[in-house]
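*Asks:* Working from the sequences, and respecting the hints, build out all of it.
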Amino acid sequence: MTLPILEHVARSRAAERCQQYEADACRQTDRQFAVLMSLQWLAGIAIALWISPRTWVGPDSQVHPHLLAAVFLGALTNLGPAFLAVLNSGSVLSRHAIAVGQMLSSSLLIQLMGGRIEMHFHIFGSLAFLSFYRDWRVLISASMVVAIDHLLRGIYWPMSIFGSSTIDIWRAFEHAGWVIFEDVFLLISIGKIRQATLHSANHEAQLENSNRAKSDFLAVMSHELRTPLNGILGMNQLLLNTELSDRQRQFVNVCSTSGKALLHQINDLLDLSKIEAGKLELDLQPCHLDALVYDIVDVSSQSALQKGYPLHCHVAPSVCMTVMCDGNRLRQVLINLVGNALKFTISGSVTVRVECLQPLDRQLTARFSVTDTGLGIPSARRHRLFEPFSQCDPTTARKYGGTGLGLSICKQLVELMGGQIGVESQVGVGSRFWFEVPLKLATEDAASVRQRHLLLGKRVLVIEGIGRERKQIMDSLLAWECQIHRVGTFQKALDAAVQSEVDSTPFAVALADCELVMGDEYVLLQKLAGHHRLPIIGLGTNSTDEAISYLRQLGVRHFLGDPVRPSRVFNALVSVLSAESGRRSLEEVVQIPNAEQSPLPVHVLVAEDNRINQMFIIELLKYNGITCDVAANGKEALEALQNGPYDLVLMDCNMPEMDGFAASREIRRREAVQKLPGRLPIIALTANALKGDRERCLDAGMDDYLSKPIEAALLQATLAKFVNLVSNVPLLTASATVR
Amino acid sequence: MQPFPVKAIMPIEKCESDVALLDERLGRAPNRPLVTFIGDGKARRLDIRWNRRWLLTMVLVWALASIGGFIWLLTFTNSPGQSGIVPREWPASSRLVLDSNRANLVLMVHPRCPCSRATISELAEIMAKCENAVAAHVLWLKPQSSSDGWEVTDLWQVAAAIPGVRMLKDDDGIEARQFGAVTSGQVALFDHQGHMVFCGGITVSRGHRGENPGRAAVMDWLTKGTSSYSEFCVFGCPLFADRGPAKNAKGTP
Chain W
1 MTLPILEHVA RSRAAERCQQ YEADACRQTD RQFAVLMSLQ WLAGIAIALW
51 ISPRTWVGPD SQVHPHLLAA VFLGALTNLG PAFLAVLNSG SVLSRHAIAV
101 GQMLSSSLLI QLMGGRIEMH FHIFGSLAFL SFYRDWRVLI SASMVVAIDH
151 LLRGIYWPMS IFGSSTIDIW RAFEHAGWVI FEDVFLLISI GKIRQATLHS
201 ANHEAQLENS NRAKSDFLAV MSHELRTPLN GILGMNQLLL NTELSDRQRQ
251 FVNVCSTSGK ALLHQINDLL DLSKIEAGKL ELDLQPCHLD ALVYDIVDVS
301 SQSALQKGYP LHCHVAPSVC MTVMCDGNRL RQVLINLVGN ALKFTISGSV
351 TVRVECLQPL DRQLTARFSV TDTGLGIPSA RRHRLFEPFS QCDPTTARKY
401 GGTGLGLSIC KQLVELMGGQ IGVESQVGVG SRFWFEVPLK LATEDAASVR
451 QRHLLLGKRV LVIEGIGRER KQIMDSLLAW ECQIHRVGTF QKALDAAVQS
501 EVDSTPFAVA LADCELVMGD EYVLLQKLAG HHRLPIIGLG TNSTDEAISY
551 LRQLGVRHFL GDPVRPSRVF NALVSVLSAE SGRRSLEEVV QIPNAEQSPL
601 PVHVLVAEDN RINQMFIIEL LKYNGITCDV AANGKEALEA LQNGPYDLVL
651 MDCNMPEMDG FAASREIRRR EAVQKLPGRL PIIALTANAL KGDRERCLDA
701 GMDDYLSKPI EAALLQATLA KFVNLVSNVP LLTASATVR
Chain S
1 MQPFPVKAIM PIEKCESDVA LLDERLGRAP NRPLVTFIGD GKARRLDIRW
51 NRRWLLTMVL VWALASIGGF IWLLTFTNSP GQSGIVPREW PASSRLVLDS
101 NRANLVLMVH PRCPCSRATI SELAEIMAKC ENAVAAHVLW LKPQSSSDGW
151 EVTDLWQVAA AIPGVRMLKD DDGIEARQFG AVTSGQVALF DHQGHMVFCG
201 GITVSRGHRG ENPGRAAVMD WLTKGTSSYS EFCVFGCPLF ADRGPAKNAK
251 GTP
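Heads up: the protein sequence lines correspond to chains W and S, in order. Under this note's numbering, the first residue of the first sequence carries the number 1, and numbering increases by one thereafter. Under this note's numbering, the first residue of the second sequence carries the number 1, and numbering increases by one thereafter.
Since the hints were derived computationally from the structure, they do not count as laboratory data. One should not assume that every hint holds.
[As the list claims (entries may be wrong)] Examples of chain W residues toward chain S, derived with CB under 10 Å:
| no. | residue |
| --- | --- |
| 1 | Ile51 |
| 2 | Ser52 |
| 3 | Pro53 |
| 4 | Ser61 |
| 5 | Ala69 |
| 6 | Leu84 |
| 7 | Leu93 |
| 8 | Leu104 |
| 9 | Leu112 |
| 10 | Trp136 |
| 11 | Glu436 |
| 12 | Leu554 |
| 13 | Asn571 |
By construction, the Cβ of each residue, glycine as well, lies at the ideal position given by its N, Cα and C atoms.
*Replies:* In structure tokens form, the structure reads like this:
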């Protein structure tokens, strides 16, 4: 849209908004007057009862006409307009009736009060109240009633106005003057209020325009940038799966890395724009905190290893639970902080710690901290750290890269979550970035409660060498109220097992550091597992498959690689104890992987208009042994569905002729009227990542959501949710949650 | 009973689109109907075309009724009571003693007349300015059939607080009849020689305070010794059921 058109649109929206405000003000004032006039009626009756209840003739009395006037005439002048105001609130007729009625009511009250001069202030107060309508014509109506009243009285009852039987013209002017005096100021006031309202409406319309422009920009940029990037990264992925020379592979890897870095920057920029436009909303979902933190540590530990120092992680057992939070945003903040720590640390260590502050009944405050032994931050620069496009040092960008957006986004995200973020640092020593967020506990299901009870009081034999203690596991076992018995060697473990049998307090399970197993200790391990029938869970720093397989033969049921997560230990323990007690084991079980399963044919319909994206998706599907047909728009997709059976549809949201949303709605409609069989899983492919996109996909009848650029592993995982890659039968018939 | 003649009653399901169509045909912006009646188990709406006309008619009737009501009220408020025939000379048989050094004012009041509240207020104004120039007597009617203390009302208390005013209980209105009063609020002003110089009321209308010829006449007599008014109408309740001899509107018996 051109600027003049935008301005015209903004002005007309402002005018509409202004009218809306004034209409609301009129309705509200109508209601207020309805209440006031009802009270005035009652007040008039009270006044008449107090001052002039009866009229007398000698010893006899009867009801005074003033009381009759208060009841009946008062009802007419007060309740009539009040009734109209309630039923026809906001209309022009109502407010003029109110104005006339209010003036007549003033006149009646003055009569009932015996003409007291103080009662005349009711007229002026009423005029002021009538100005709330912000309609100057209402004041004219009211003033006309006063004028006509004085005119008629002046002619027929001059004494009631002037105190004499002759009309005093100057006094008439004086009376009129006071009313006009007040009217003038009220009119000026109405004018100013209306101007201010229009100005405010203009401002809001401009803001709305600006926000709409921002939203359009975000949508366009999101789509326009991500779509070609999807092509670049996707093709790179496919290229990497072909035969390449070392040199070619190196070039392609560099291309991928650069593309991902570019994507990261685009995401940061879009996030910042979203936050500033107020478009960012948290997506609260149940989230395992320890799993989230350990996922990040797992990925980041490789970078730390390459640099030659360890990445430690400790998650307090009190935080190892499921909470309601936006896992993606929390992950984003942590990845940023850990990434910075690794970037600016040359040697030493990086530690990620999660603690629980202020635990309450159904919520807690979690404190996340990332401590490094890096360069440190001078105190003079700390205040700029969390500002956008600001780095600690101007040379930082040259030496370490980055745009200075990361910490600013972290701050905004943490504040959006209701928390706070900060840093402690000393140059040459290191830094600690921390943030605290309040989190609500997710409702624990019955299965989780049962699992927790399963571990209560169980005796656990822990076999760990001196100096190799895993504090995280110890803390977790204590938190689960297990009884721990620690030994340093397998011989001692065997002795402890024998003794426990003698004491009739056998161990339920053993956790063994498999790094200790060498030489004769293999035999001891086998004896522990076989003779004493003690279920053993192995712990160790990523052993080879052969080693794991051998341990399995010796009797180790589960193997958990370092860093060992509390959640995995928990699941392993529950799995072992459930199996021992004959109960059904967990679905999510940490098992030593079996041989790979070969996929069976699945036929998918791909609705995508972009040729490059088509190529990429077809190659990905082929790689997974999935056949597919391609449609260039929603219409072609519908035609294809009529002609052939498909197991799943990958639906691009933005397509010409008929977009993905319309096509999905049409598919669901046809399923409802039995024109298509069953319920076809539909996965949305979209380049947009804005607020409302998830809801739009769900509303259109889609089952899941993949954001471009599409990652191969993510596509495979999503497909596996709906289509059993080892059989042709779809796993889910109800719609799954859109991620 | 349906108070409004209804052009067409439509079932509520059809209402929305039909109403919009009607508005379009009539070339009007959509208007909310006045009321929604519930009848026959279905909500119905009135035809919009009739609402505005009836609204305006209602408003007009309301306005006329209000004006009529006010005319009735003002007529009552501004209609005086009967004026009694006040003797030209101080009644010799009166229990009240004429003060020969100054003017004498006699006010006859029904203790329960609400309109006389304004009369007492006007008396207070007069006494505030002319206390020394006048001997004021207020006669309080006490009907024969009334109980003890019947005449001692809040009005009595207010009058008793006015400096320079003598309060007298007038059993069965004997004194009031001597002074020719038939309406509460009647004032008779006599000079120091006992000649009547003014008779009538001192309020502008029933129960209303404010400038009025009666009060102005009394003030003029007391301060200047002369006035352009010698009588004025009295606004108040009748003192006696039988009313006694009274003047007509022109002031003649």
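*Asks:* Please name the hints from earlier in the document that this structure breaks, with their numbers sorted from lowest to highest.
*Replies:* 10, 11, 12 and 13
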